[in-house]
Structures are given as C-alpha cells and as structure tokens.
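Engineer: Throughout, the numbering used here is defined as the position within the sequence shown, counted from one, plus 8.
No lab work stands behind these hints, which were simulated from the structure alone.
Owing to the predicted nature of the structure, the values given are computational and were not obtained by experimental measurement.
One or more hints might be untrue.
To be verified - Think about it this way: if two alpha-carbon atoms lie no more than 30 angstroms apart in a straight line, the pair counts; the simulated DSS-like pairs of lysine-lysine are:
no.: 1; residue 1: Lys88; residue 2: Lys303
no.: 2; residue 1: Lys88; residue 2: Lys166
no.: 3; residue 1: Lys166; residue 2: Lys56
no.: 4; residue 1: Lys90; residue 2: Lys295
no.: 5; residue 1: Lys166; residue 2: Lys90
no.: 6; residue 1: Lys295; residue 2: Lys88
To be verified - Estimated spans, in silico, between C-beta atoms of each pair:
no.: 7; residue 1: Lys303; residue 2: Pro57; range: 46 to 52 angstroms
no.: 8; residue 1: Ala26; residue 2: Asp174; range: 34 to 40 angstroms
no.: 9; residue 1: His239; residue 2: Leu54; range: 29 to 35 angstroms
no.: 10; residue 1: Lys303; residue 2: Gly138; range: 46 to 52 angstroms
Even glycine gets a Cβ: it sits at the ideal position worked out from N, Cα and C.
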Amino acid sequence: MSTDTHRDPAEVPIAYMARTRAWYLALGYPEPYRWASLASVPFQPLQKPLSACRLGLVTTAAPVRPDAGDQGPRAPYNGKAKFFEVYAAPTTRPPALGIAHVAIDRAHTTAEDPASYFPLAAYRRAAARGAIGAVADRFYGLPTDRSVRTTTQTHAPKLVELCRADRIDVAVLVPNCPVCHQSVALTAHALEAAGVATVILGCALDIVEHVGVPRLLFSDLPLGNASGPPHDTASQDTIALTGLELLAAATAPRTTWRTAVRWPGAADWRLDYANPDRLTAAELAEKRAEFERVKTERDSQPRARRD
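Using the sequences plus the hints, can you model the full thing?
Structural biologist: Take a look at the structure:
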C-alpha cells in the first residue's frame, strides 16, 4: 500500500504510461506499448538483521565504452551505448558508467554526478556506519529491454545466478528510464522468489506499481536521478538509508514509501518529459525524424549484441 497522500496538483507524480503513450501517438506511432502487470508478487522477509546482510546493487547504467560515442554528462540519447547482456563489475573502485543509452529526462538531468543514478558511494557510507553489513564486491548491470519475455526468461535468471554466487542477502535496484523501471520490477520478482529481499529506488511510480513489486521507495525526481539530486550527498544518503529502512520494515508485498527529497531545479519540471503539448508541429516532426534515426542506428548493431 502506498503511503502517498493528497498533494498539490503541481506535485502529482508524472503518469509515465499515459505520457509516453501520448508522446508516441503524437509522433505517429499509434500502437501503444503494453506494460507488464503481474497479479502475484513474491515477498521475501529479511532473514537476518541488516547489519549482518550483504547488499547487492543492480543498475541499468551502462559501462562506458570508448567505441560508443558520447556517453558523458549532457550527452544526447545514444543507442550505440546500449548493452544487451547482464554484467557484473567490481565495487572496489568507482566504475565508469553512463545513462546516455536510455530515455532519461534530458531537459533537467545532466548525468554529471554518477551518484545521482548509481548509489555505490551512499551504500558504502551506510556500511561504514553499520546500517548494512557489507556491500558486495561486485555490482550488477541489468539491460533495459522492452521484451518482458527477454527480461523474465533471460536477464532475470542470470542476475539471480550472479547474486547467489556472491551470497547476496538484499538487493537494491536502481532504474533510470520508464522501461528500466519495468525491467527492474520484473527482476525483483525473480530475486524475491530466489530468497533475496529487494527494494527499488525509483522515480516512475505508476510503472513500478502497475507491474507490482515487493518494495518501492519512490522519489519524485526527474528520470535519471533515482539516487538523489546531483551533488547533494545528504539527499543521496537519505534515499539510500530509507531504502534500507523499507527493506526491514515492510511486512507484505506492494509496499511503497515516498521520500521527502525534492528537486532543486525548476518547479515545473514534471511538464517537460515526453510531453507533446509542449512542442510545435515542426518540433514533433524533428523528434519523429530523430526517433527513426536512433531506431535505425540501434537495429544496425550486430544481432549477437542485441539478443
């Protein structure tokens, strides 16, 4: 059950499913995407105190590759930077990750602070103060895939296998784009069924709750900032620690908490993401051409990397 209450209309979370449906319709794509919705949600209670748990961090961020074009701060959407297989990488050093490959809120998100979308540093601080036993020696990358079948039958089982090998007790999943939120929600089901308690740190409330998950910590921030506003260590720590509190406090699936963290930028940021009403006909035509270019670029990649 969500803890959200009635709020000022200006603070109502974006309805991403409806917004993206209107966006693609305005671009000339009338077939709506079918978001996953699962009737049954597994739930794994904690089996030990958090102070004795090993935490695994799951991200939809991509490893930066020298051959994949611009992947840095303020990069435009870059389909070449996508990855198509689950990966594991060390947490012993800050990884080079980017989110240029997914549909974040580029009007308000620069991605200049990796800690805003990858909370490794925050959870290391949490471990240092004893809020969690340890952060695992590896973190895990989950591809963003529109195919529910691919996520549930290929990516989620592989991620479960990695978490078992690393003896993960609890997993924190951090999505970026709308489809990322669905991918991590589906993967949370597989982890919980395998005995790993999960919490999602997310910004797309409607998508995650539509799928149905054990635990969601919702922060009403632009996509690409699920770990907190950039360069705001206090807010990033608040989100990380509240996620741990939710792991321990939840007693049943479909438990949603909402943080009090607020976006420090323009107050009307919710109006901009994929909103056709904010663009002229000429601008929509440009977006359509850009979409076709990106699609061609993505589909031209070797099939072995796309499957």
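Engineer: None of the hints should be skipped; say for each whether it holds.
Structural biologist: A quick look at each hint next to the structure:
A hinted pair counts as satisfied when its Cα atoms are at most 30 angstroms apart, and Lys88 with Lys303 qualifies at roughly 10 angstroms. A threshold of 30 angstroms between alpha carbons decides the hint, and for Lys88 with Lys166 the separation of about 23 angstroms falls inside it, so the pair holds. Annotation: proposed proximity of Lys166 to Lys56 holds, straight-line Cα distance about 25 angstroms (limit 30 angstroms). Taken as a hint, the Lys90 and Lys295 pair is honoured in the structure, with Cα atoms around 20 angstroms apart against an allowance of 30 angstroms.
Taking the CA atoms of Lys166 and Lys90, the gap is near 18 angstroms; set against the 30 angstroms cutoff, the hint holds. Restraint check: the Cα-Cα separation between Lys295 and Lys88 comes to about 18 angstroms, which is no more than 30 angstroms; the hinted pair holds. For the pair Lys303 and Pro57, the beta carbons lie near 48 angstroms from each other, so the given range of 46 to 52 angstroms is met. At about 38 angstroms, the beta-carbon gap between Ala26 and Asp174 stays in the expected band of 34 to 40 angstroms.
Restraint check, His239 to Leu54: a C-beta distance of roughly 32 angstroms satisfies the suggested window 29 to 35 angstroms. In this structure the hint that Lys303 and Gly138 lie 46 to 52 angstroms apart at CB holds, the actual value being about 48 angstroms.
Comparing the model with each earlier hint shows no violations; every hint is respected.
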